[in-house]
Amino acid sequence: MATQNIVWPLTLLGIGTVALVFIFVISQARKPATEQETQQSTHTAHVIQAWFFGLLVVGFALGTWLTLRHFPIPPQHAPVQADVDMDVEGFMWGWQIPDTPIQVGQTVAFRVTSRDVNHDFAIYGPDGNLVAQTQAMPEFYNKLLVTFDTPGEYTVQCLEYCGVGHGFMRSTLTVAADKASPAPAGTTGTASTASTSAAGGQ
Amino acid sequence: MYPADEALSGPERGIFNAYMVTALVALILFMMVGLTMRLHEAHWIQLSPVLFYELLTLHGTGMVGITWLATTAVMWFFLRKYVTLHLWAIVTNYVLFALGVLCILVAIFAGGYAGLWTFLYPLPAKSMGVWPPWAAELYVIGYVLIGVGALLFYLDATAGIINRYGSLGRGMGWQWLFGGTVDPNHPKAVIASSGVIIANSLGIIAGEVALFMTLVNLFYPDITLNPLVAKNVIYWFGHMVANATIYMGVIAVYELLPRYTGKPYLVSRPFIWAWLVTALYVIVVFPHHLFMDFAQPRWLAVTGQIASWVGGFPVFVITVYGALVNLYRSQIRWRMPALLLVLAMFGWAAGVVPAIMDGTIRVNAVMHNTLWVPGHFHFYMLIGMLPMVLALLYHQLGRLEQERAAAPGVTVAGGRTLACLDRIGFPVFFVGALVFVLAFLYGGQSGVARRMAEHWETWTASDGVGAIGASLVVLAMLYFVLRLCVGLLRRPAV
Numbered sequence: 001m002a003t004q005n006i007v008w009p010l011t012l013l014g015i016g017t018v019a020l021v022f023i024f025v026i027s028q029a030r031k032p033a034t035e036q037e038t039q040q041s042t043h044t045a046h047v048i049q050a051w052f053f054g055l056l057v058v059g060f061a062l063g064t065w066l067t068l069r070h071f072p073i074p075p076q077h078a079p080v081q082a083d084v085d086m087d088v089e090g091f092m093w094g095w096q097i098p099d100t101p102i103q104v105g106q107t108v109a110f111r112v113t114s115r116d117v118n119h120d121f122a123i124y125g126p127d128g129n130l131v132a133q134t135q136a137m138p139e140f141y142n143k144l145l146v147t148f149d150t151p152g153e154y155t156v157q158c159l160e161y162c163g164v165g166h167g168f169m170r171s172t173l174t175v176a177a178d179k180a181s182p183a184p185a186g187t188t189g190t191a192s193t194a195s196t197s198a199a200g201g202q
Numbered sequence: 203m204y205p206a207d208e209a210l211s212g213p214e215r216g217i218f219n220a221y222m223v224t225a226l227v228a229l230i231l232f233m234m235v236g237l238t239m240r241l242h243e244a245h246w247i248q249l250s251p252v253l254f255y256e257l258l259t260l261h262g263t264g265m266v267g268i269t270w271l272a273t274t275a276v277m278w279f280f281l282r283k284y285v286t287l288h289l290w291a292i293v294t295n296y297v298l299f300a301l302g303v304l305c306i307l308v309a310i311f312a313g314g315y316a317g318l319w320t321f322l323y324p325l326p327a328k329s330m331g332v333w334p335p336w337a338a339e340l341y342v343i344g345y346v347l348i349g350v351g352a353l354l355f356y357l358d359a360t361a362g363i364i365n366r367y368g369s370l371g372r373g374m375g376w377q378w379l380f381g382g383t384v385d386p387n388h389p390k391a392v393i394a395s396s397g398v399i400i401a402n403s404l405g406i407i408a409g410e411v412a413l414f415m416t417l418v419n420l421f422y423p424d425i426t427l428n429p430l431v432a433k434n435v436i437y438w439f440g441h442m443v444a445n446a447t448i449y450m451g452v453i454a455v456y457e458l459l460p461r462y463t464g465k466p467y468l469v470s471r472p473f474i475w476a477w478l479v480t481a482l483y484v485i486v487v488f489p490h491h492l493f494m495d496f497a498q499p500r501w502l503a504v505t506g507q508i509a510s511w512v513g514g515f516p517v518f519v520i521t522v523y524g525a526l527v528n529l530y531r532s533q534i535r536w537r538m539p540a541l542l543l544v545l546a547m548f549g550w551a552a553g554v555v556p557a558i559m560d561g562t563i564r565v566n567a568v569m570h571n572t573l574w575v576p577g578h579f580h581f582y583m584l585i586g587m588l589p590m591v592l593a594l595l596y597h598q599l600g601r602l603e604q605e606r607a608a609a610p611g612v613t614v615a616g617g618r619t620l621a622c623l624d625r626i627g628f629p630v631f632f633v634g635a636l637v638f639v640l641a642f643l644y645g646g647q648s649g650v651a652r653r654m655a656e657h658w659e660t661w662t663a664s665d666g667v668g669a670i671g672a673s674l675v676v677l678a679m680l681y682f683v684l685r686l687c688v689g690l691l692r693r694p695a696v
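Chain order of the listed sequences is A and B. Read in my numbering, the first sequence has 72 at position 72, and its numbers run on one by one without any break. For my numbering, add 202 to where a residue sits in the second sequence, where the first one is 1.
Misleading hints may appear alongside valid ones.
Below, simulated SDA-like cross-link-like pairs (lysine to any residue); rule was C-alpha separation at most 25 Å, straight line [to be verified]:
#, chain 1, residue 1, chain 2, residue 2
1, B, Lys465, A, Gln28
2, B, Lys328, A, Gln28
3, B, Lys328, A, Tyr141
4, B, Lys328, A, Asp116
5, B, Lys328, B, Leu370
6, B, Lys283, B, Leu370
7, A, Lys31, A, Leu12
8, B, Lys283, B, Pro629
9, B, Lys465, A, Thr34
10, B, Lys465, A, Trp93
11, B, Lys328, A, Arg111
12, B, Lys465, A, Ala33
13, A, Lys31, B, Pro629
14, B, Lys465, A, Ser41
15, B, Lys328, B, Gly381
16, B, Lys465, B, Trp475
17, B, Lys465, A, Pro32
18, B, Lys328, B, Asp424
19, B, Lys328, B, Pro251
20, A, Lys31, A, Ala19
Don't read these hints as lab results, they were simulated from the structure.
Here chain A stands alone, though its shape is the one from the complex (with noise of 0.2 Å):
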């Protein structure tokens, strides 16, 4: 499943949530209590604060080892497992890409820079969804991992604002069917097409 169709929905209920302890405070807010229910209210709100910071806790503790016990990004100073290995370079307002053919179910290790100011390569699926991005930052190299799981079209944009031809910062990568299972006409409309991968060389 995509990153977005996850925290999409849990944001949305987030703020949801966030919004139903509003209304329930403010239909509430203006009913007279007595001094003893004040205490007693007063005395409930700490409990629960007690309670809520230690659910944050717990869910701080369960998040982290959630998102970070593989780390996210690949190892930058180790080899990685790759299929296919590219040196890409961004300039003023273009990209440099090999043209080598990749083929569905392929990991490539993108090594990726810039000729002159900072820009962003970032890498759309043929469903248009955001995949993988990393930033091309002059002297500087980036590894990224990813695996191409479904076959077709996939656009590289840059994401980093770098003057005014940064829109036009444009190019593709075709990444081709494999022979044993060709390519559906169309795009498969998944969410999921390619993955970013972490595991090689950790």
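Given the coordinates of chain A, assemble chain B onto it according to the supplied hints.
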């Protein structure tokens, strides 16, 4: 409701009005610029890329600058009740700010500078002939002036806090971190101001360093910088300055909300801890802007994610929760300041949710530099920070109107009509802002790029929805700005 020590003397009123009227007028202008860009992205109007990026530079620089100006006035307004602040400092800050803005406007409109407010090295020096070097130099000099003014104000505030409390740490209540009886009436305005001074002074100094490095490169192109170091320093500055606006603005919530709910809002040990964590978090969180710079050391990226998540704790557990407890079963009077204060708390809390998502490396890999980013920061800036400022201004208007009504021989008319218009303006603003930020977030999760003049045809539907939301916000803000400016500038009752 309107304590005597909060009243403004003649000169104080003059400078407060200068800050706030400037901020309000500029805000609505920059909002219109933002709306223009959304209309262009939706393909409803056509701008040239050069103009689009000039407007983007103006909008970003202007909004960061003007919200900083407005929230500085909020901090000054309340802090002066507890410590001695010198009028020359706040006036000098305003003058340097105005000079800086003048430089920036000339750089953008006469020089065509369009390198955005982040002036990311080495872009200012490499425009491919779109803007001349002098435009970038003037833009950077404008920033330097604004930074110097800000540091002067913080120095004066630091001197005031040290004179009264002994140190910034004691101002933040650190003497009660591990024990002792917390003074429940220790001013929250002093705690927040001290925290902001500690964190944001570092941010502004970092900014000044980055600006001087950029200037050296512009004047002597042979002297080059390390792009990764430059980017770290720029975002260290940028993140703190932008965040500081919320932490200065929230002083209005601490000070005003209890007056409208009629319930005390006391300082506690967790509150002091929360502000310590906040000050630390703001200082170390900036690496989340560089998640996609894989050359960055891994420990910095991990620090960025952890700080991004932990930064939500004080917001949720202390400030917003404390405000809700203060509101619960109170006798709140739902006047405009109260409505705006509660809205501000909602906007901040809800906006933190997508911000935390984006502060996760795995998520950032598909959200970085998409509309998700302006989605979350517009959420807590537009629906969080801005209502804090508006709440103070409406509150101040209430004081002025009360004074006017009490003055002999003065008849106040039109109050009911204005109250009615306020009640219309508020939901228009809220609904418009919600539509506007949700359209950004939806666009972001669909992969729509930020900071790009040429939006793909498939992206324009959510852009259009965002433009409709932005139009409602502009409409409501036009009314608020007019109402508040006229109210503030009316001759005071004698």
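To see whether the hints hold, each was checked on the structure:
1. Between lysine 465 of chain B and glutamine 28 of chain A the alpha-carbon distance is near 14 Å, which keeps this suggested pair within the 25 Å criterion.
2. Restraint check for lysine 328 of chain B and glutamine 28 of chain A: the C-alpha separation of about 58 Å exceeds 25 Å, so the hint is violated.
3. In summary, the hint linking lysine 328 of chain B to tyrosine 141 of chain A is supported, as the alpha carbons are separated by about 20 Å, within the 25 Å threshold.
4. The straight-line distance between the Cα atoms of lysine 328 of chain B and aspartate 116 of chain A is roughly 8 Å, inside the 25 Å bound, and the hint therefore holds.
5. In summary, the hint linking lysine 328 of chain B to leucine 370 of chain B is not supported, as the alpha carbons are separated by about 42 Å, beyond the 25 Å threshold.
6. In summary, the hint linking lysine 283 of chain B to leucine 370 of chain B is supported, as the alpha carbons are separated by about 17 Å, within the 25 Å threshold.
7. A distance of roughly 30 Å separates the Cα atoms of lysine 31 of chain A and leucine 12 of chain A; the hinted pair therefore is violated under the 25 Å criterion.
8. About 33 Å separates the Cα atoms of lysine 283 of chain B and proline 629 of chain B, which puts this hinted pair outside 25 Å; it is violated.
9. Distance check on the hinted pair: lysine 465 of chain B and threonine 34 of chain A sit about 13 Å apart at the alpha-carbon level, within 25 Å; holds.
10. For the hint linking lysine 465 of chain B to tryptophan 93 of chain A, the alpha-carbon distance of about 59 Å lies beyond 25 Å, and the restraint is violated.
11. For the proposed pair lysine 328 of chain B and arginine 111 of chain A, the alpha carbon gap of about 24 Å is at most 25 Å, so the pair holds.
12. Our distance criterion of 25 Å between C-alpha atoms is met by lysine 465 of chain B and alanine 33 of chain A, whose separation comes to about 12 Å.
13. A C-alpha spacing of about 23 Å is found between lysine 31 of chain A and proline 629 of chain B, which places the hinted pair at or below 25 Å, so the restraint holds.
14. Between lysine 465 of chain B and serine 41 of chain A the CA atoms are separated by roughly 13 Å; this keeps the pair inside 25 Å, and the hint holds.
15. For the suggested pair lysine 328 of chain B and glycine 381 of chain B, the alpha carbons sit about 56 Å apart, so the restraint of at most 25 Å is broken.
16. Of the pairs offered as hints, the one joining lysine 465 of chain B and tryptophan 475 of chain B holds, with about 22 Å between alpha carbons and a cut-off of 25 Å not exceeded.
17. Between lysine 465 of chain B and proline 32 of chain A the CA atoms are separated by roughly 12 Å; this keeps the pair inside 25 Å, and the hint holds.
18. For a cut-off of 25 Å, the pair hint linking lysine 328 of chain B to aspartate 424 of chain B stands: about 13 Å separates their Cα positions.
19. Distance check on the hinted pair: lysine 328 of chain B and proline 251 of chain B sit about 17 Å apart at the alpha-carbon level, within 25 Å; holds.
20. Using a Cα cut-off of 25 Å, the hinted pair lysine 31 of chain A and alanine 19 of chain A holds, with the two alpha carbons roughly 20 Å apart.
Of the hints listed earlier, those the structure fails to meet are numbers 2, 5, 7, 8, 10 and 15, in rising order.
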